[in-house]
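Visitor: Protein chains in written order, with our numbering: chain A, 1 to 405; chain B, 1 to 405.
Hints in this document: simulated from the structure, not taken from any laboratory. Mixed in with the good hints, there may be bad ones.
Chain copies aren't distinguished; within one or between two, either way the pair holds.
With a cut-off of at most 27 Å between alpha-carbon atoms, the simulated DSS-like pairs for lysine-lysine come out as follows [what the hints assert, rightly or not]:
{"#": "1", "residue 1": "K358", "residue 2": "K325"}
{"#": "2", "residue 1": "K147", "residue 2": "K205"}
{"#": "3", "residue 1": "K358", "residue 2": "K332"}
{"#": "4", "residue 1": "K32", "residue 2": "K152"}
{"#": "5", "residue 1": "K100", "residue 2": "K67"}
Protein chains: 2
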Amino acid sequence: MRKMSPFKLLISREKALEIVLSSVKPMDKKEKILLEEASGRVLAEDIVANENVPPFDRAAMDGYAVKAEDTYGASNFNPKTLKLTAVLHAGESTGTPVNKGECIRIATGCPVPPGANAVVMVEFTEENEGKVSIYKPVAPGANIAHKGEDIKKGETVLKNGDFLTPAKIGALAAVGRREVLVYQKPRVAVIPTGTEVREVGSELKEGQIYDVNSYTLTSILSENGALVTRSRIIPDSFEHLKSAVKQFLGHDLIVFSGGSSVGEKDLLVKIIEETGKIFFHGVQIKPGKPTLFGLVQGKPVFGMPGYPTSCLSNAYIFLVPAVRKIARLPPKNPRTVKAKMAKRMVSASGREQFLTVKLINGQAHPVFKQSGDITSMAEADGYIILPVNLDVIEEGEEVTITLFE
Amino acid sequence: MRKMSPFKLLISREKALEIVLSSVKPMDKKEKILLEEASGRVLAEDIVANENVPPFDRAAMDGYAVKAEDTYGASNFNPKTLKLTAVLHAGESTGTPVNKGECIRIATGCPVPPGANAVVMVEFTEENEGKVSIYKPVAPGANIAHKGEDIKKGETVLKNGDFLTPAKIGALAAVGRREVLVYQKPRVAVIPTGTEVREVGSELKEGQIYDVNSYTLTSILSENGALVTRSRIIPDSFEHLKSAVKQFLGHDLIVFSGGSSVGEKDLLVKIIEETGKIFFHGVQIKPGKPTLFGLVQGKPVFGMPGYPTSCLSNAYIFLVPAVRKIARLPPKNPRTVKAKMAKRMVSASGREQFLTVKLINGQAHPVFKQSGDITSMAEADGYIILPVNLDVIEEGEEVTITLFE
Numbered sequence: 001m002r003k004m005s006p007f008k009l010l011i012s013r014e015k016a017l018e019i020v021l022s023s024v025k026p027m028d029k030k031e032k033i034l035l036e037e038a039s040g041r042v043l044a045e046d047i048v049a050n051e052n053v054p055p056f057d058r059a060a061m062d063g064y065a066v067k068a069e070d071t072y073g074a075s076n077f078n079p080k081t082l083k084l085t086a087v088l089h090a091g092e093s094t095g096t097p098v099n100k101g102e103c104i105r106i107a108t109g110c111p112v113p114p115g116a117n118a119v120v121m122v123e124f125t126e127e128n129e130g131k132v133s134i135y136k137p138v139a140p141g142a143n144i145a146h147k148g149e150d151i152k153k154g155e156t157v158l159k160n161g162d163f164l165t166p167a168k169i170g171a172l173a174a175v176g177r178r179e180v181l182v183y184q185k186p187r188v189a190v191i192p193t194g195t196e197v198r199e200v201g202s203e204l205k206e207g208q209i210y211d212v213n214s215y216t217l218t219s220i221l222s223e224n225g226a227l228v229t230r231s232r233i234i235p236d237s238f239e240h241l242k243s244a245v246k247q248f249l250g251h252d253l254i255v256f257s258g259g260s261s262v263g264e265k266d267l268l269v270k271i272i273e274e275t276g277k278i279f280f281h282g283v284q285i286k287p288g289k290p291t292l293f294g295l296v297q298g299k300p301v302f303g304m305p306g307y308p309t310s311c312l313s314n315a316y317i318f319l320v321p322a323v324r325k326i327a328r329l330p331p332k333n334p335r336t337v338k339a340k341m342a343k344r345m346v347s348a349s350g351r352e353q354f355l356t357v358k359l360i361n362g363q364a365h366p367v368f369k370q371s372g373d374i375t376s377m378a379e380a381d382g383y384i385i386l387p388v389n390l391d392v393i394e395e396g397e398e399v400t401i402t403l404f405e
Numbered sequence: 001m002r003k004m005s006p007f008k009l010l011i012s013r014e015k016a017l018e019i020v021l022s023s024v025k026p027m028d029k030k031e032k033i034l035l036e037e038a039s040g041r042v043l044a045e046d047i048v049a050n051e052n053v054p055p056f057d058r059a060a061m062d063g064y065a066v067k068a069e070d071t072y073g074a075s076n077f078n079p080k081t082l083k084l085t086a087v088l089h090a091g092e093s094t095g096t097p098v099n100k101g102e103c104i105r106i107a108t109g110c111p112v113p114p115g116a117n118a119v120v121m122v123e124f125t126e127e128n129e130g131k132v133s134i135y136k137p138v139a140p141g142a143n144i145a146h147k148g149e150d151i152k153k154g155e156t157v158l159k160n161g162d163f164l165t166p167a168k169i170g171a172l173a174a175v176g177r178r179e180v181l182v183y184q185k186p187r188v189a190v191i192p193t194g195t196e197v198r199e200v201g202s203e204l205k206e207g208q209i210y211d212v213n214s215y216t217l218t219s220i221l222s223e224n225g226a227l228v229t230r231s232r233i234i235p236d237s238f239e240h241l242k243s244a245v246k247q248f249l250g251h252d253l254i255v256f257s258g259g260s261s262v263g264e265k266d267l268l269v270k271i272i273e274e275t276g277k278i279f280f281h282g283v284q285i286k287p288g289k290p291t292l293f294g295l296v297q298g299k300p301v302f303g304m305p306g307y308p309t310s311c312l313s314n315a316y317i318f319l320v321p322a323v324r325k326i327a328r329l330p331p332k333n334p335r336t337v338k339a340k341m342a343k344r345m346v347s348a349s350g351r352e353q354f355l356t357v358k359l360i361n362g363q364a365h366p367v368f369k370q371s372g373d374i375t376s377m378a379e380a381d382g383y384i385i386l387p388v389n390l391d392v393i394e395e396g397e398e399v400t401i402t403l404f405e
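Make a model of the complete structure from these sequences and hints.
Guide: Here's what the structure looks like:
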């Protein structure tokens, strides 16, 4: 007969997170992808510009390319008149120089013709039968975007490790990169366990429930840069669980969910102890105590609580920072808001409490039901973490809510 | 000869955004997708629970199913002793009732056997040769998760329009939904234009530059729920642009980028006026003035500035709210931080200014170069918007920075 042993060493959330973050390693596997797929990825090379951007001096405005000195003294009452010698539409260029007393009509983006050193905006001109009246003087360089002004040839535009935002995607396009080297997304195996757990969509028999955790975990992990493999549901037996660990060791992170009971968690503890090392097993937080973490052949393995709420709340607390570190993504930094408690709450003694709340008229209403209840998170706008040493939080007290977004 | 006409009626950013948001319509096309693909999507049906969750009274803890009254008066010094009549491992259930003076060992999640009305946690018990000592009394209902406690049969769990977060995905799994009806993602056509613009990866000839905007726009639109079709580059001619509008009218939103010059913009203005209606053409913001918006056969059409920075900054200002409204996504609400200006800045007169800044040691350093310079955004952490009537912002003045995230 299997002995049931209660959890022994609970560690604090901070300590647990510290252990997790110091145990997981950022990806070093790379892959080459097309620029249009690179948004939200992490660059795995320095990007050095092969050419200047812009590659030539160009008009920054629609107007007339001139010698600046020809415009000095121009005013509304005393315009300077120049001879129009050519017209450049968008995409056109010319070798015809602008000589003293001359100008060339130029569209934004066209190369500035030789001899010109400024562009007069069209707004300050009037064109009539080959003559252009200039109503405002310009300084040399005016309305010209100079060659290399944006990016100089040889300059390092982006660095290995940069997170590719829309603007950084733009910088890659500007230097003409069709393909880029990025870090591979971490491959994460999500393994639902539980003899009583059934695949969503199947018929439930007496005592059975649907697998919720593999869906919530896949959702939150994918949102945070992981490439998730959702395993079939593994029965709670030593052999099945052990072969699942072995099957998914090629992944960068293995996440078991389920095994909510002490006995089931013990199985996973034994398997990890046999093949690797357990770092913690039991965290001082409610809900979410039965969470374990270890390494097997250098691969991080999580055992998440079986209860949907505990599983997901600890996913926010531990899995998100872990997978983002592995993926080399910047920390999540979710938004927080301050609000007053809508009612008095008695806190869990001896453990931190992860309390989900709904914001109604700027007040924080607890929606925590039982740790098994997924609706306590589905209906919430965010959560507060009540400290270990807090017994009671009074109605009207100010709390900081971390938003689910 | 084409006449160059300057921009005439500039409208304010607020007014422009108001027009855009009142002109675009939320998607009504729906599609059925698998639960594992539903994360981040918007529900297009009410979800009513067909069954209770949990579907039966179950043990919320590992322990012993008992009649609560059999435990009354139990203490460390005066334990109550019950007869163990059965053992339920995870996934097991029994029809054997718990009679007075008896108990059944039960794993978390197992159905509570008939006759039992509470579970004593294993921590407060000792089992020895078929007898279980109970060291702590429990009240009726203790450590039992009741049938329907999370979700009641017939209850509306989620509503049409709900944004599917990981927790809401969990609620769908809990009620056994394998497939869900969601709103289709808006199909957005991104059409780069410009005779001088070349596809990234090709060889540049004199006067040519790479297409940057279709990449930045695809990136930001995809991040905000759009399914983007990136068109080939369209030359600046009336016929080409007109046939592009026609080609993409099946999309939910059409975004032209390029046509930075007045003349080129005029082409698009003419086409939209001919086939639909222009709402504005020219916004009181720097950079980003040459932005136009109209409707063609009820389909919203944007003409974004050709300069990469202006194009992307106006994408943050106008396109993101527009596409999120069409996609029925919640507003973006980017994070803001306060910082002091690292140096004095002279602002654009008569227009709001979108000023990109980098945060260094908590100070806001402007990185704005020219509106054509993509690096002024790629290197920035966020932006500030300087009001129309502001001439100068002094060093040390506090500003609110909207972060690019």
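Visitor: Indicate, hint by hint, whether the structure satisfies it.
Guide: Hint check results:
no., hint, verdict
1, K358 <-> K325, "between (29 Å within a copy, 23 Å between copies)"
2, K147 <-> K205, "between (72 Å within a copy, 14 Å between copies)"
3, K358 <-> K332, "both (21 Å within a copy, 19 Å between copies)"
4, K32 <-> K152, "within (25 Å within a copy, 50 Å between copies)"
5, K100 <-> K67, "within (7 Å within a copy, 106 Å between copies)"
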